[in-house]
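Enquirer: Sequence:
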Amino acid sequence: MTDDLTPAEAYAAARRRAAEEATALHAFRALYDFDLDPFQIEACGALESGKGVLVAAPTGSGKTIVGEFAVHLALEQGRKCFYTTPIKALSNQKYTDLVKRYGPTRVGLLTGDNSVNPDAPVVVMTTEVLRNMLYAGSQSLRGLGYVVMDEVHYLSDRFRGAVWEEVIIHLPESVTLVSLSATVSNAEEFGDWLDTVRGDTEVIVSESRPVPLWQHVLAGRRIYDLFEEETDHGGRGVTRREVNPDLDRLARMENSRTYNPRDRRRGKMVREADRERERRQRSRIWTPARPEVIERLDAEGLLPAITFIFSRAGCEAAVQQCLVAGLRLNDEEARRRVRELVEERTASIPSEDLHVLGYYEWLEGLERGIAAHHAGMLPTFKEIVEELFVRGLVKAVFATETLALGINMPARTVVLEKLVKWNGEQHADITPGEYTQLTGRAGRRGIDVEGHAVVLWQRGMDPTHLAGLAGTRTYPLRSSFRPSYNMAVNLVDQFGRHRSRELLETSFAQFQADRSVVGISRQVQRNEEGLDGYREGMTCHLGDFEEYARLRRELKDRENELAKQGAVQRRAAAATSLERLKPGDVIHVPTGKFAGLALVLDPGLPAGRSNGHRGFEQHDGPRPLVLTAERQVKRLGAIDFPVPVEPLERMRIPRSFNPRSPQSRRDLASALRTKAGHIVPDRHRKGRSAAVDDREIARLRTALRAHPCHGCDEREDHARWAERYHRLQRDTRQLERRIEGRTNTIARTFDRIVALLTEMDYLRDDEVTEHGKRLARLYGELDLLASECLRERVWEGLGPAELAACVSALVYESRQADDAVAPKVPSGKAKAALGEMVRIWGRLDALEEDFRVNQAEGVGQREPDLGFAWAAHQWASGKGLDEVLREAEMPAGDFVRWCKQVIDVLGQIAAAAPREDSTVAKSARKAVEGLLRGVVAYSSVG
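With this note's numbering as the guide, the letters of the sequence shown map in order to residues 261 to 1202.
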């Protein structure tokens, strides 16, 4: 090729090669045994030219190469690089990767409860650690040149997302930011914001997967393609993906009616042959059991596979089902290698704890190549599963969706059992974004030619809906940023109130709110143009028709109001009459499915509270249990009694009466008909309408008749235009209120928080008081409550285990429903201190209500949860793992996670507690020592 170049062109090409070979990117590319993708080269080039970058690309596409190039640049330039991740497991994984490349002396790890070589030039950390360093003005920030924010789309997270924005806003201007995100549909919008707050930022979006993904549905014994092959329609070069017609047929077949002998086809009875054919077709549609699914994938060469089950218990059950079914995916050599690796990784765990942790059952599954992966597992166990899976020694993993959050654990196939999951409030369909995130694990780069996503057939499945999930790439990044108490005192301390307010106005949350206002403002302008047209249409030559229309609306509103009052009064009278009913009363049910004669078995009076939920009073009123004359026992409600009811007669209910016995019901219903069947109930007469005697209605009607427009021949035409004018005007005012509500929303919330903190003497104008400086060192959801407990000396005199129990209430959140039984708490001083914490929270809650600091907006203090207090106390007291886990009824992984969070907050409290005349700091340090032992200490690096 070079032979064809002219001397000038050859010289120019040589100059370009020389220039390229002189770049840091050229040396960096030489570290890899594969060539970089175009989007990686583009991002690295932008980074070397001094720009910040936002890289949005699918899972498994190699975004982290760009982050690793930032590390390379920092080391080459003699500067520091902080590599942040959202979760400790990711930090551990990235730390291990970087140590392999650059050695342990140049790489450190900071994860809140662990510190390894923190002064190294490259430090991997969780995002919260960097946020805390920024607020504390840490010396470690000196010489910082690059910050990599891996999984930056986490800023959408409702609970932790604000941390990402805090870091992005507060990083020094000299720091170059590398943001790595999953594919989001508004990457350009996010890039525009980064450009605003961080300076020149290049947005690189790659939507192509490195390994093609094929979508399937597994029904019965057959794996169906979700889509037909792409086709060229009519030779026009237009390609479309159509839903497989076989799946549509399956859905129609399943939804078709079952055979009924009375059905007729073409005037004749359905033939037996037709029924047999239908039975054969239906027999092909079922949801295969979990072992069947794995066997089928194995037979098709689709292992290793990750099966997502949205339940921890479901993951454990799946492993057991596979073991019981005798499934074995490993040969003897693989079993031996599994055992060797597991024994090596768990050598530090005492043998008595192994039994408690279910080690031997877990090991049996691993040896067969089968494992679970979820947050309830011990971190060490999870890490072993990940390592074995990557090595190909575990071939089937049953996991919850937490596995999709960045862990480097790709598979050939991803299986989704269901398209519905519990979102914390209800069972909801998974979103296209969640589907993309989960199936993004399928296809191992450099190993698989293609990846596969398999959805199990479920009753009522709609293939078109599934195709919509698989074909949609809508995953918008939405800010969850909200100011907090800790954030407020730290900002005011560093920048003063006015500058802090301006900084918060630069948040992505406000950026998005302001952009959305633009569209609403345009709609307001269009509405105002429409109002001008409607105003012209209702113009009347006789007078002011707008005034006449207002009188008509006022009259209608008053009539509706009186009608509602009448309905409320009738319902109240009916409820009162139901409350007077007694067992044995014979009544006439006035309406509904069970209208007619009935005998009251139980008046069904409310107990005052429903299901033990705080604040949820029983509003349904009495719900009498009755026996109807047709022998049915039913619980009736207020809807069956639109008018008051009076007893017609009394009857004795035999003690032997059993409502479940058909004979008992038949006998008592017969006695009821004999006793009262001849009685004709009084018809309820409607009372006089309140509107007849209402003075306001009389005044409005008089004013209407006296108005000049009342005599207009085109009055009703004008009225129709006036009604349209009124509706559009009402809609326009709502839009204007939305604009007002979205403008300066973050700053207004900050103002309310500052006002509350000023009231509590944490702030005095731009000065942070001694109490405020203590609050500035406390990070967490209940920062203000922790500060108040220190301020009021609630924890003074507590022993280490007692303090651990109290601090657990600041971090723990129960997975159980609100109506669970009251948690067990330690007695003595700890119990008194926990009670005092709840009292202080009640005072703070009332104060937040006064200052309109709203928990629903993600701001404010939730009620402390005492559900982990007993477990924390027992573990810090030195009790054994078996005893603590048994009493806590909690998986080992959850126990370790909560213990580590308690340790983290205890460390903050030890740093924030008064140095003089206080026992809290000393108790906190001893509590950390008591908690950081055994299973908690050896759980993982981070």
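Don't take each hint at face value.
[Claimed, not checked] Cut-off 27 Å, straight-line C-alpha distance, at most; resulting in silico cross-link-like pairs (BS3-like, lysine-lysine): (1) K824 x K853; (2) K1091 x K1186; (3) K894 x K816; (4) K1033 x K1182; (5) K1186 x K1089; (6) K842 x K894; (7) K1182 x K1089; (8) K824 x K678; (9) K935 x K842; (10) K1091 x K1139; (11) K1139 x K1084; (12) K1186 x K1033; (13) K935 x K894; (14) K1033 x K1084; (15) K842 x K853; (16) K1084 x K935; (17) K1139 x K1182; (18) K935 x K853; (19) K816 x K853.
Hints are computed from structural coordinates only; laboratory data are not their basis.
Enquirer: Hint by hint, note whether the structure agrees.
Expert: A quick look at each hint next to the structure:
1. K824 x K853: holds (25 Å)
2. K1091 x K1186: With Cα atoms ~20 Å apart, K1091 and K1186 stay inside 27 Å; holds.
3. K894 x K816: At roughly 40 Å apart (the allowed maximum being 27 Å), K816 and K894 break the hint.
4. K1033 x K1182: holds (20 Å)
5. K1186 x K1089: With a Cα-Cα distance of about 17 Å, the restraint between K1186 and K1089 holds, given a limit of 27 Å.
6. K842 x K894: holds (16 Å)
7. K1182 x K1089: holds (17 Å)
8. K824 x K678: Violated, at roughly 45 Å.
9. K935 x K842: Holds: K935 and K842 sit about 17 Å apart, inside 27 Å.
10. K1091 x K1139: holds (19 Å)
11. K1139 x K1084: holds (16 Å)
12. K1186 x K1033: holds (24 Å)
13. K935 x K894: holds (20 Å)
14. K1033 x K1084: Distance of about 34 Å is beyond 27 Å: violated.
15. K842 x K853: Judged against 27 Å, a Cα distance of about 22 Å means the pair holds.
16. K1084 x K935: violated (55 Å)
17. K1139 x K1182: Within the cut-off at roughly 21 Å; holds.
18. K935 x K853: This hinted pair holds, its Cα atoms lying about 23 Å apart.
19. K816 x K853: Violated, because 34 Å separates the two Cα atoms, which is more than 27 Å.
In this structure, the earlier hints numbered 3, 8, 14, 16, 19 are contradicted, and the remaining ones agree with it.
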